[in-house]
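Build the complex from these two chains, which are given one at a time in their own frames, with help from the hints.
The lines below spell out each chain.
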Amino acid sequence: MFTFTLRRLLLAIPTLLFISLIIFLLLDFAPGDPTAQLPLTIPPEVKAKIRESLGLGEPIHIRYLLWLKQFAVAEPLHAFDATFGTHFGEGMQRVISWQTRSPVGDIIAQRMPQTLWVVGLSYVLGTLIALPIGVLSAYRQYSWFDQLGTFVSMVGYSVPTFFTGVLLIVIFAVNLGWFPSIYDTTHVVSDWDSFVFQVRQMVMPVAVLALYNAAQISRFMRASMLDNLGQDYVRTARAKGMSEKVVVLVHVLRNSMIPVVTVIALGVPTIFGGAIITEQVFKVNGLGQLLITAIYANDIPMVQTLTFIFAILIVLFNLIADVLYGILDPRIRYD
Amino acid sequence: MTDTAPLKEEAYRPPRSQWWDVWDQFSTHRGALIGTIVFLTIVFAVLIGPYLWTIEPTFIDIRARNQSPSFAHPLGTDQLGRDMLARMMAGGKVSIAVGFTAMLLSLLLGTLIGVLAGYFRRLDGPLMRLTDLFLALPLLPLLLVMVMLFRETLSARFGPETGVFILIVVAIGITSWMQTARIVRGDVLALKEREFVLAARSIGTPSRRMITRHVLPNVLSPVMVSATLGIANAIITESALSFLGLGFPPDFPTWGRLLFDAVDYLQQYPERVLWPGLAISFTVLSVNYMGDGLRDALDPRIRGR
Chain G
9 MFTFTLRRLL LAIPTLLFIS LIIFLLLDFA PGDPTAQLPL TIPPEVKAKI RESLGLGEPI
69 HIRYLLWLKQ FAVAEPLHAF DATFGTHFGE GMQRVISWQT RSPVGDIIAQ RMPQTLWVVG
129 LSYVLGTLIA LPIGVLSAYR QYSWFDQLGT FVSMVGYSVP TFFTGVLLIV IFAVNLGWFP
189 SIYDTTHVVS DWDSFVFQVR QMVMPVAVLA LYNAAQISRF MRASMLDNLG QDYVRTARAK
249 GMSEKVVVLV HVLRNSMIPV VTVIALGVPT IFGGAIITEQ VFKVNGLGQL LITAIYANDI
309 PMVQTLTFIF AILIVLFNLI ADVLYGILDP RIRYD
Chain H
449 MTDTAPLKEE AYRPPRSQWW DVWDQFSTHR GALIGTIVFL TIVFAVLIGP YLWTIEPTFI
509 DIRARNQSPS FAHPLGTDQL GRDMLARMMA GGKVSIAVGF TAMLLSLLLG TLIGVLAGYF
569 RRLDGPLMRL TDLFLALPLL PLLLVMVMLF RETLSARFGP ETGVFILIVV AIGITSWMQT
629 ARIVRGDVLA LKEREFVLAA RSIGTPSRRM ITRHVLPNVL SPVMVSATLG IANAIITESA
689 LSFLGLGFPP DFPTWGRLLF DAVDYLQQYP ERVLWPGLAI SFTVLSVNYM GDGLRDALDP
749 RIRGR
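Going down the list, the protein sequences come from chains G and H. According to my numbering, the first sequence holds residues 9 to 343 in order. According to my numbering, the second sequence holds residues 449 to 753 in order.
Incorrect hints may appear among the rest.
[As the list claims (entries may be wrong)] EDC-like cross-link-like pairs, simulated, lysine to aspartate or glutamate; straight-line CA separation at most 20 Å:
(1) G/291 / H/709
(2) G/291 / H/504
(3) G/253 / G/154
(4) G/77 / G/36
(5) H/541 / H/572
(6) H/541 / H/469
None of these hints come from the bench; they were simulated from the model.
Pulled out of the complex, with its shape left as it was, chain H reads as follows (with noise of 0.2 Å):
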């Protein structure tokens, strides 16, 4: 802070925007890059892989079940003969998918209700009770009632599939947006008290255009990195209760369903355990090593150093 040498010949470079920065920070962060490829290619893999390995997963060849990997099945096959590596892109579908949407349903809720506690202090004390209401529920025994309950009537109108899958995602949607709304609610406090909102207030912004342009651009940071690690907690959710089995229908594969089925085959073919908790943990991981990076570099007192 003493030197100023330096910091005037910084004042002549071209401006740039405070992403640069962002991005700078993060890609020195080793773990958070590692962490960002090994999670796009595992998205690709998942959704290009499909294209390139024909196989149906849900293709019975009863002859070759229970075969360890070889060239025609990389993975093996499982105890129907179905080919593994086309079953664990299909059920890594599904698992993204539902950690996504979920992830995006909870932020949705999140930084609505933090927004409205932080900015409009009339909603400020019933919302944020409601929230610590939320907090003190027992979450995943409500998770594995809400599912058991809801399952037949949801399947019943919307098919089996995407009626778990509506099941499974609003459920672990409306289970995990307490977070983000907290942490939103307290940036939003204290944005509140800013210059810059003062001076839109005073050339008569209304609330509406207010949140829109002023308050939401602000709290981004916070809400990506609770994005970040949203998608991870609604994956291992979602493989949680498909491994309790109370998540997607049997011949809809998922990786948590895989693991499950897999277990009961634990002591002949340990091997086919491995691949979709393998898989679970390098997403969970490399996204929360994704959040981690993001932390920091979204951090105005570390960035820059």
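Bound-form chain G, shown alone (with noise of 0.2 Å):
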């Protein structure tokens, strides 16, 4: 198991390095200059002093190695800095945003807060609600609660976010003034008002995406728990005796958490990269909401960056649910 982890944990680094490659050349063959929107009173001589400021002046394969040791190493050492006060990363070059002129890894840590906050909320409840609907609804198969479910779950999953995120402002925000349509970010938690205030305000995002994922999720849990309820194990649990409960609860429930353990892992990556929507819906700026800016404003290296982080988090959760399946269920040890 061990070997197999690190085997794979080797095989990620090609993979990144090819899949930032990917990024990076598309970002850079695309046409779209970040100077052509500067005034045409500029001379041309200053037009390219500009260009070399931003690092355009370069060839392409040493502007990619300088990209990736700036990304790999430089925001590393940095961020290592910044936690404990140490001087690794003095004077090396970080990657700057063409909007703001500072460092990316900067605006992305003053943005991760919010996008974890709503969205990790909404994937735990989203994963909590799933959970004992799907085991419900696979044990009363086709049950009036098990059509409910299916229904709910179908519509869930069918019903884009961008309209359920809408749909709920309509009525919450606009009808019955419940809730604020709009995410505020400065808001800061001192006291109980505020506090209440806060929850308010999250109440509709994490709503709208805790039902999407627990649409997904329930459905797998329903399908796992149907599998493995025909086994025979299950008969030979019930022909030993043992309650109800614990056939259910302890010997069905545990076999099929397996795949769903799994499918839960893969979906973290999507957290960030899938809510972009609803944090543009609802006005939190968030990583999505920057994401978005930065492809508007043509800011190359943040796109370049957020991009190749969210790839990141795509392998490493990968890793991590074969990890998972292994550790899970021993009969796939992949020695």
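Structure representation (structure tokens):
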């Protein structure tokens, strides 16, 4: 198992390098000049200087390697310095955003908490809702609860989040006026009232994403439970005289959790990527919104870095899912 | 399995193609049947509707702007006085066209790569690594980047509408073929071990005909299921891109674009958000139900139960 994990970790490095190359080339070959928006009165030699100061003068392979070095060495060192007060990364060039002229890493660190709070919470909530629904609707297959559960999960799965979000705003923010429609990220929780306000503004975005995540996970949970409920070991457990509760909640549930846990792990990176739309609907200024504004502003270093971070997360959680599968199911040890 | 009496009776029935069995199973799935009806209704409404409701979707009647639903304008009008019903139909045409073409493209790519990887052992490794690589890409961010970067060039070459159409279809197509490729590869690998393939090979069938005559018809059912799911996925992705303002140009309605435009008037005219949102949701929901029913109907383990 350990060698397998190690091998997968080593294999992840070329994959990530390749992905970074794809992202870099895609952005680089694209038409669109960051200096195109500058006024025409700027003389061409000054314009050339500006291009050079943005790091566009060098040939492409040097720029790629430089960006890689900045991203993989300089940024982690600076993050380390900031947390522990050391000075390893001093004097190293960081990835600089073209919009704000400040390091990309700092901006991402500022935006991260909003995304993690809203989107992470909704994922946890969605999972917590989905698991009991999946278990119950599989146990009582074709009952009214199952019919309702599958219908709701089908709806939650099919209706795009940008419509559910807008719908919730129309109902609860415009008509009823219960919740604010715009998420205020400058809000600081200091006492009970401000905490209540924070909860109120988080209700709608969290509900939208939780519904979407719960719909997907409960479908998997139900299918996996149904697969296991028909197995022979369930009959054996019942024949031994175990109570129904033990049979379902200990024997069947534990076995059917195996694929579901990996699905949950695989879904974590979509927290960051897939929430782009929801963040846009509720004006949460998290990572997704940062990406959108960077794309609009032609801020290539920011887009590159963010996209690559999303890619790293996907590769990492694929790896975690694989390893988890091996740990949970001894039949699939890859030795 | 143990009682043979009904089996014997069945043996005397005239032979029927397996598609009739599939249809029988499909028609017992109530959700799938309703889904098919709803989807066909939407498609027909969008295709035939413009001939019956002849107001131009781009006709601006500034004096009749922001009207609520009435006989003259059943779904009301927008901020420039354009008829919402006509715009909904025009938008639906584009959305469904994007859905179909992008699905066809991704299906073509997925089946091609899946069959090649499954059939030719030498290509299996590289092609599957490519698939894994694509699965590890952050798709929505890349889609946004692609649309943003290549929109201008393609618009300049093919005109604003066709250019964006090509761009979005290609972008969705090349980012959604991976699941199909994996499923098809798995099925082809299993098919290759079957006797009829061995028989065909032993009489000297060349690879090309092997694939077109023996392999492709047998992987049709998983491909059909991923086709339905592909339409749903493509429609959602297109609307999401339009909703983020990175889709079709403003005067060119699609359902996602209509929703995006209506969000600005959310406070005053909330019903305007409802129509495109409901249209997208109903289309995707019905297509997903169709896919569910089709998967059950094409699964021989479930069929006949």
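Against the structure, the hints:
no. : hint          : verdict
1   : G/291 / H/709 : holds (16 Å)
2   : G/291 / H/504 : violated (34 Å)
3   : G/253 / G/154 : holds (19 Å)
4   : G/77 / G/36   : holds (17 Å)
5   : H/541 / H/572 : violated (39 Å)
6   : H/541 / H/469 : violated (33 Å)
Of the numbered hints listed earlier, those contradicted by the structure are 2, 5 and 6.
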